[in-house]
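Chains as they are written, first to last, in numbering that gives the first Met the number 0: chain A, 0 to 328; chain B, 0 to 417; chain C, 0 to 278.
Simulated from the structure, these hints should not be mistaken for laboratory data. Think of the CB as a built atom: it goes at the ideal place given N, C-alpha and C, for glycine as much as any other residue. Each hint should be verified, as a subset may be incorrect.
As the list claims (entries may be wrong) - Distance ranges between label pairs, derived from CB positions:
(1) C:G177 - A:V268: 43 to 51 Å
(2) C:V49 - A:F317: 45 to 53 Å
(3) B:T182 - A:F175: 26 to 34 Å
(4) C:R100 - A:V62: 29 to 37 Å
(5) B:D120 - A:V109: 54 to 62 Å
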Amino acid sequence: MTAVREQTAHHPPPSAGRPRRSPGPGPRRPSKDGGPGVWPYVLIAPAVLGTLYLLVHPLVRAVVISLQDFGLRQLILGDARFVGLDNYGTLLGDSRFWEVVRRTFLFMAVNVVLIMVLSTLVALMIERLGRFGRFAVLSSLVLTWAMPVIAATTVFQWLFHSEFGIVNAVLTDLGFTSFDRYAWFAHGPAAFAILVALVVWQSVPFAAITLYSALTTVPVELYESARLDGASGARIFRSITFPVVRPIFLLVFSLEVIWTFKAFVQIWVMTNGGPGDATTILPVYAVQTALSSQRYDLGSAASIVTVVLMSGVLVLYFRQMFRQEDELA
Amino acid sequence: MKLRLFAGVSALVVTAGLSACSSSSDASDGSTAIDVWLMRDSVSDQFQKDFVKSFEAAHPDIQVKVQIQEWDGIGEKVTAALASTDAPDVIETGNTQVAQFAQSGGLLDLSDKVGELGGKDWLKGLAEPGAFEGKQYGIPYYAANRVVVYRTDLFEKAGVDPATIRTRDQWTAATRKLNTGGTQGIYLPGQNWYTLAGFVWDEGGDLATESGGKWKGSLDTPEAVRGMEFYKKLQALGRGPKDSDEATPPQADVMAKGKVAQIISSPGGAKTVVENNPALKDKLGFFPIPGKTADVPGAVFTGGSDLVIPTASAKQDAAYTFVKELTGDTWQKKLAVAMSYVPNKTTLSGAVASDPGASAMAVGAAEGHATPNTPGWAAVEAKNPIKDYLTAVLTGGDARKEAAKASEAITTAMNSGT
Amino acid sequence: MTTTRPRMRRIPLNAAAAVTVALCLFPVYWMVATAFTPARDIQSDSPRLVPRTWTLDHFRTAVGADGFGLFWRNSLLVTLSAVLLSLVVALGSAYAVARMRWKGRRQFMLMVFIAQMAPWESLIIPVYIISRDTGMLDRLPTLTLVYFMMTLPFTVIVLRGFIGTIPPELEESAQVDGCTRLGAFRHIAFPLLAPGLMATSLFGYITAWNEFAYANFLIIKQQDNRTLPVWLSSFQNVFGTDWGATMAASTLFAAPALVVFLLLQRHVTSGFAAGAVKG
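Sequences and hints are given; from them, build the entire structure.
Structural data, given as C-alpha cells:
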C-alpha cells in the first residue's frame with residue numbers, strides 16, 4: 000500500500016517521491032551486478048546495433064541522395080553527381096511546398112485533438128463497463144484496427160460516393176435534398192473532412208486501448224480511499240487518474256503527432272492528394288515527387304525537412320521526457 | 000512456451016531464407032531459362048500455355064518462365080527490376096511508360112532490329128511512344144482503344160438504329176432518346192479523361208504541346224475547351240458520378256446492373272459485364288466513337304503495351320528471340336482473336352474482322368493518338384490535374400478558368416520531372 | 000451505496016458503449032457484407048444495409064487466387080518473426096531505460112524517438128540500394144528486418160512506459176524475499192506487463208501484416224516470396240477492381256488479428272487479476 004502511494008506520487012510534481020531514490024542501501028543497484036556499468040549497455044546493444052544498420056545507414060544514404068542529382072537514371076546506372084544544397088533550395092523556394100507544410104500542420108492538429116479527446120473518453124468508458132461490455136468494445140476496437148487500410152479506405156470512399164454512397168442516400172432521405180448526388184471528393188474541405196474522419200476512426204482504437212491499459216495500472220486502493228474521502232468523479236480523474244496515466248497519455252499524444260504527420264496510404268488511395276492540392280500533405284508530396292516524377296533527390300530532401308519539422312513539434316515533449324528521465328535517475 | 004514458439008519461428012525463418020537462395024533461373028540441362036513479365040489479364044491462360052509450349056518446341060534451348068504482374072504498384076516494380084542486378088529478361092509495359100524508362104538507360108536499344116521485325120507496318124500509337132530520341136526501345140505488342148459498348152435490346156426498344164449514328168449530333172440525339180425512365184442514356188463517369196482527350200483531339204486541340212524543347216499544357220485553347228463542352232453535354236445524359244473515374248466503381252459493373260444503355264470502354268469491358276450479369280449475353284453491341292462529321296470516326300487514345308528488354312538482363316539474345324516470336328504475325332493474329340485486341344501491325348487488322356468489338360475498335364484505331372511522348376508525362380498522370388479539371392467543370396465551374404488552371408498544373412508537372 | 004444507483008448510472012454508459020461499438024463496426028460490417036454480396040448488387044443505386052442475396056463466390060475467388068496458401072505462409076512467417084524479434088530486443092532496452100541508471104540513457108531515448116519518426120516511405124530507395132548491393136533483394140528475411148526496424152522504436156517506447164508504471168518496489172520486495180533480479184522481473188513485473196505486450200505486439204503485427212510498398216519493391220523476381228498485401232492487389236485489372244473478392248480477401252486478411260487478440264485476451268485479464276479488476 001505504501002509502495003503504491005509513493006509510486007503515484009512521484010510522477011507529477013517531483014518533490015514528494017524523491018527521497019525514496021536516495022542512495023541508501025539501494026536494492027535497485029545490487030553490487031553483485033558489477034555496478035551500473037555493463038548491464039544496461041548489454042541490454043540496449045541489440046537495439047542500437049539494429050538501428051545503426053537498418054535505419055541510420057539508409058537514413059544517411061537518404062541524406063546523401065538529397066545532396067545529389069539523383070533520378071531514375073542514377074538509380075539504374077549509379078553515376079550520381081553532388082549538387083550541394085540545390086535540392087533544398089528548389090524545395091524551399093517552391094510556394095506550393097510551403098502551402099503543403101501549412102496544410103500538414105492543420106491536418107495533424109485537427110486529427111490529434113480529435114483522437115486524444117475521443118480515445119480518452121472511450122478508455123474511461125471501457126474501464127467502467129462490465130465484463131461483457133468491456134469485451135465487446137475491446138473486440139470491436141481491435142477489429143477496426145485490424146481492418147486492412149486498403150479495405151477501410153475503400154469502404155469510406157464508397158460510403159461517401161456521390162452516386163452510390165449510403166451517406167448521400169441517408170441525408171437525402173432525411174430531407175437534406177442538397178446532398179442528392181453531392182460530390183464529396185470534388186470539394187476540398189469535404190474531402191479533407193472525410194480523410195480526417197477516416198484517420199481518426201483508424202487511430203482511436205490504438206490510443207484507446209493503450210490508455211485503457213494504462214488506466215488498469217492505477218491501483219484500485221487509491222480510488223477506494225478517494226471515494227471514502229468523498230471526492231467527485233471529475234476530481235478523482237484530475238488528481239488520481241490523470242497523474243498516473245500522464246506519461247502514457249503524453250506518449251500516445253506524441254505518437255499520434257508522428258503518425259498523423261506521416262499519414263500517407265489513406266490519402267494516396269482515396270484522393271491522391273486532390274482535388275487540386277486540397278489533401279496533399281508532406282508525405283504525399285514527397286512520394287509524388289520521388290516515385291511519380293522520379294526525382295528521388297527532391298523526395299529525400301522533402302522527407303528530411305519533414306523529419307526536422309516533426310522534431311520541432313515534439314521538442315517540448317522531448318524536454319518533458321528528459322525531465323522525467325532526470326527525475327528517475 | 001513463449002520461448003519454444005520463438006525458437007520454432009526462427010527455425011522457419013531460417014529455412015525460408017535457405018529456400019529463397021536455392022532458386023536459380025538457369026536450367027540444369029544447359030539451356031537458357033528466361034523470365035518474362037506479362038500484365039494481369041493481358042493474355043488468357045490458354046493463350047499463354049499454347050504460346051509457351053509452341054515456343055519451347057521451336058527453341059529447345061530456351062525455357063520460358065512467365066510471371067503475371069499486378070497493375071497496382073507496377074511502375075515501382077518495373078523500376079526496381081530495371082535497377083536490380085538480376086532483372087527479368089522481357090517486360091510488358093504500358094506504351095506511354097516506355098519513354099521514362101528508356102531515358103533512364105535501363106532499356107536495351109532495339110533500333111537495329113526494327114526492319115527485321117517488320118517495323119514499317121507497326122501501329123503508330125504503339126511504335127511512337129516506344130521510341131525515345133530516335134531510338135526504338137519498346138516493341139509494339141498489342142493495342143486497344145475505346146469504343147461505345149451499347150445494349151442492343153434497349154436501342155431496339157427506343158427505336159434507335161446504331162448503324163445510323165455517325166456523327167456527334169446523331170449520337171447525342173439518340174442518347175437523349177434512350178435516357179428515359181430508369182434507364183441511363185450513357186453512363187459516363189466525370190473523370191474519364193481518356194475520353195475527354197479524344198474529344199479534344201477531334202476539335203484539333205491537344206493535351207500539351209511542345210515548343211523549343213519545353214512542354215506546355217494546352218487544355219485552355221479554344222479547341223480544347225470545345226472538347227470539354229461536348230463532354231459535359233454528353234455526361235449529362237446519364238447519371239455518371241461527377242467526381243470519380245471509370246474504375247470506381249468499375250463501369251462494367253454498373254452496366255451489368257441493367258439500367259445503362261451505353262458505356263465508353265474497350266470491348267473487353269463487355270466480357271466483364273456479361274460475367275457479372277449473364278442475362279446480358281448477346282445483348283451487347285459495339286460501335287466506334289462517332290466523330291464530328293460522318294466521314295471521320297472520333298479520335299481515340301491508343302492504349303496498349305510494348306515489350307522491352309532490360310539492359311540488366313543476362314540473356315538478351317534469348318529474350319529477343321522471345322519478343323520476335325510473340326510480336327510476329329502468326330501469334331499476333333491468334334492473340335488478337337483470343338483477346339479481342341488490335342494487332343500490332345496495320346496489315347494484320349483483317350484477323351479480327353469477324354469480331355464485332357475488335358473491328359469497331361479497328362475503325363477507331365485509324366484515328367489513334369498517344370499522350371505526349373515525353374518522360375515528363377508520367378508525372379502528369381500521377382497527379383492528374385485533368386481529372387480535377389473535369390470534375391470542376393461538371394460541378395459548375397467555369398470551363399475557361401478551370402482550363403487555364405489545369406493547363407498550368409500540367410506545365411508544372413511536365414517540367415518538374417527531368 | 001445501493002444497487003439501483005449504479006444500475007441507473009449504467010444506462011448512459013452502456014448507450015455510449017453501444018454507439019462506440021456501432022461506429023467502430025459499421026465500416027467493418029460493410030466490408031464483410033460486401034464480401035457476401037453478389038457482384039451486381041455491390042455499389043448499387045439504392046444502397047442497402049443488408050444484402051438482398053448472399054453468395055460465397057467472392058471467397059471462392061479469393062481463396063482460389065494463385066499462390067494463396069504460399070502468400071499466407073510468407074506473411075505469417077515475416078510478420079511473426081519481425082514481431083517476436085522486436086519484442087525480445089525491445090524488452091531488454093525498455094528495462095534498461097526504465098529501471099537502470101546509466102550514462103547515455105537520454106541520448107538512447109532520443110535516438111528511439113527519432114527512429115520512430117523515420118520517413119519509411121522515402122527510405123525505400125536507400126533500403127533498395129543497400130539490399131541490392133548486399134545481395135538481399137528478393138528475400139523474405141530482408142522484409143523481416145525492415146518490419147522489425149519499423150516496429151522496434153514503438154515497442155521500446157511503449158514497453159518502457161509500461162515498465163515505468165509498475166512500482167519498482169514490488170520487484171524490490173520480491174528480491175528481498177530471495178528472488179534473483181531476473182526472477183523478480185519474471186514473476187512480478189512480467190504478468191503486469193501483459194496488457195502492454197499485447198498492445199505492442201498487436202501493433203507490430205498489424206503494421207507488418209499490412210505493409211505493401213516494401214513488399215512490392217524488394218521482392219522482385221521471386222514471386223514465391225510475395226506476401227498477402229500483394230495478393231490483395233491481384234483483384235485489380237484493367238477494367239477496375241473485383242471489389243467483392245477484395246473485400247472477401249480483406250476479411251480473411253483481418254481475421255488473424257482478431258484471433259491474436261482473442262488469444263491474448265486471457266493474458267490481459269490475468270494481468271488485471273493482480274488488482275485492477277473492479278467489483
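Practice task
Output the numbers, in ascending order, of every earlier hint that fails for this structure.
Solution key: Per hint list: single violation, 1.
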